[in-house]
Amino acid sequence: MRVIDYVFAIYLAFLFAALLILNRIGKNAIIGEVADEEEMYLDRPMQIEYQDDRVDY
Amino acid sequence: MKFECQACGGVVEYSAQLDKMVCAFCGCIFDVGEFDLAQEREAKAPDVVPIMAQDIMEYRVFSCASCGAEILINGVESSKFCAYCGQPAISFDRIAGELKPDYIIPFKVTKEYAMEKMSETIRKAKIQPEKIENFKVEYLRGIYMPYRLYDIEYYDDQVWRAQKEGGYMRSSKSYHRRVRYTFRDLGIPTASRLNDEISQRLEPFDTTAKVPFDSEYLSGYYADRYDKSAEETNLAAMAKAKELFNAGVRRTIDSSDPGNLDVTGPEVELLESSYVLVPVWFMTVKLDGEVYTMTMNGQTGKMAGALPVWKARECLCFAAFFTMFSMISISVFSCLMNMRVAGEQTGHMVLYSLLLLFIMVLTPFTYFKFRGVRRTYQMMRSRGLSSMVRER
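Line by line, the protein sequences give chains A and B.
Take 58 as the starting number for the first sequence in the working numbering and just add one per residue.
Take 764 as the starting number for the second sequence in the working numbering and just add one per residue.
Next up, chain B with everything else stripped away, as it sits in the complex (with noise of 0.2 angstroms):
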């Protein structure tokens, strides 16, 4: 399915920059939700052919309106582009009956101002000159990933206890709150392939500017359907709320130490469920040989991704630094072993104590940091999320 300019016939997309519906030949310009796509539909023999080996390879095929070519898509695209003629192509069954996505926020950002953002972004990094010299933007595709956004009342009656000991006294503070609270647009990713990671760095999107899903708005683009089920996105919603409200209920503790959650009985509420697209760029960069993802949000251009490491420049930095800190710490542990309190040898161990504790401390919290780090880097450089770029 294509949508034809009423003047020239040739192929209408959606323009991020006008919000309105482009002649990609003889620049026409039209409103969204000028096609009618029932007429076109009833005009149109069904585009969609299945395979027989759609079963075990998870693909389809249908023809392109434009040229009549097959095109295949996989089990998660609503809409691509003609590997052949390069004109995009929505497929009917996935945008309709059960499937069809109730809101669409509409890209907001241009492909070019994308590019543009996005490349600078590289050259301006601190990353190693040769290899911003010779990186290459392969692909870059604006494609609208699925969304569920839920209203959720959330009503708790929750005690809060914090204990403290000292000496022979130990007192006990606690806290007791009935509060209720009513999350809007509470959004879940549904797309198995753009993970928790990468969407909370994408967010936020300002749901109040979705409209209606109207079909025409996937033209120039790819979007993908959602693969998670009702009930996996429900419970993530549902966990989700939780986390928030404890953390919004502690918020109005007026201590520093509200201590921990003691009795709680929630009621959760599930008021409404949406299904939406929000716009992402994709782009795949190849840098010296090696394949990147960036991702930014379609509608407000805040980027997300992972550059490379100039390897030979941290390890010197580290070398630095270690240097560095080695001799202070050296000196601070020389000073403590020949600390005298009141003739004695014995001050020192306080001190000496705390350091370790410090160190025991640190050690886990280095860690997790580290994790983190190569956490964003494995998932930034997974072949999952640069192969949904790059097969398309």
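Okay, chain A solo, but in the shape it has when bound (with noise of 0.2 angstroms):
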């Protein structure tokens, strides 16, 4: 293995072991879930008047 490799290796550990922290961090520290702003206002079906799917080659 050439040093490069080694330094990848290492980064994407780091990466892995970052983004764990951060989600546990998430979790564990932080309260309060963003509202699904989706769910809350396009409750209704929305009223399509028009509709065309179509494939071109």
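It is worth saying that the hints were derived from the structure and are not from the lab.
Given the structure is predicted, the values throughout are model-derived calculations rather than measurements.
Be a bit skeptical, because a hint or two may be false.
Unchecked claim - Restraint-style ranges between C-beta atoms, simulated for each label pair:
(1) B/TYR902 to A/ARG59: 58 to 64 angstroms
(2) B/ILE1122 to A/ASN85: 25 to 31 angstroms
(3) B/GLU1053 to A/ASP110: 51 to 57 angstroms
(4) B/GLU879 to A/GLN108: 50 to 56 angstroms
The beta carbon of each residue, even a glycine, is placed where N, CA and C say it ideally should be.
Make the complex out of the two chains shown on their own, each in a separate frame, by following the hints.
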């Protein structure tokens, strides 16, 4: 293995470890989910007046 | 101004538990709306006395109706408590006239429940035990925050186009939609101190429970008025409606990749807007000398906030994860380097490139995640937010 491969390998490990820790902090220390605005405001079906799906080659 | 008990003359406050006005002294219960504000106003001399320095300090002074002490209110407050006698007081000029809200969502969560739930959350949090032992609730304030609710009719004729290239073939898919949707009670916070991040974590508020505004609901609580202009909130509402509408249209397209929005020409009509006060509990907590602000939706009890991280434990976890992943990662890279495909050391290059691509995708993802967590912490520990609670 070359030195650059070690650098990549360790950097990848760092990214994974950082993501896991950030997820842990997000789960344990940050309280309150951000509200799903689509669920809140798009609670009724949209009124589709015209619809056309086509595939062109 | 205050609401006086008709039996003993004590101060009457709104009770979230009973949805009634309750005298703090004799316990008499009255219906909301029973107090005739107009008569009281006429009977008393105007209680707002502007001071000379109001333009500079952005504060106004009014006399407490209970003890006569002078109370300072800042530019965005409508109601507060007297610092001397502790009685609730409402500033008339802020709730009358053009600033009067159309609706109010009364508090449903009581102070006791809010205190208990917030304290319980801190006690159960996975933070440093010494910090929990020394935690001290500084202030717990029920504050009505201003929102503007919009009814917006949105119509658009859209074409979404996805292009795919594979070898010599180039296909194009288009999805044409003509859609209409009416947004009801689209909420936009209108106080700059309650930023979008906090309000998004506190939402949803059940707007069907809103009632026509009555100043009696303010008794016993604090209230802020809006400080964002109508133009600013109108633009925010339009932008929100556009984003939600596009997301909604995208959902009507039966494809995992509907492509990009190519043609659009929306027609947006603002049907109605109303000014509403929503209930929020704010609590500042001192944990080991540092001040954290927690908030709670005063209608549903949903909490939002950020607690301190147990740094030593998280560092230890990070070291453990890092060691474990390093070993796995070095093994994978080592295997790839030694891999032979048909006797040549070339096949591993494809996997190696994929791994590098993976790193390139993961790097911004981790960065944005880090930024999100940091922003939440900065917001919850911001001086502006805690001072909003502490100065009351």
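Hints, verified against the model:
no., hint, verdict
1, B/TYR902 to A/ARG59: 58 to 64 angstroms, "holds, 59 angstroms"
2, B/ILE1122 to A/ASN85: 25 to 31 angstroms, "holds, 27 angstroms"
3, B/GLU1053 to A/ASP110: 51 to 57 angstroms, "holds, 56 angstroms"
4, B/GLU879 to A/GLN108: 50 to 56 angstroms, "holds, 52 angstroms"
When each numbered hint is compared with the structure, no violation occurs for any of them.
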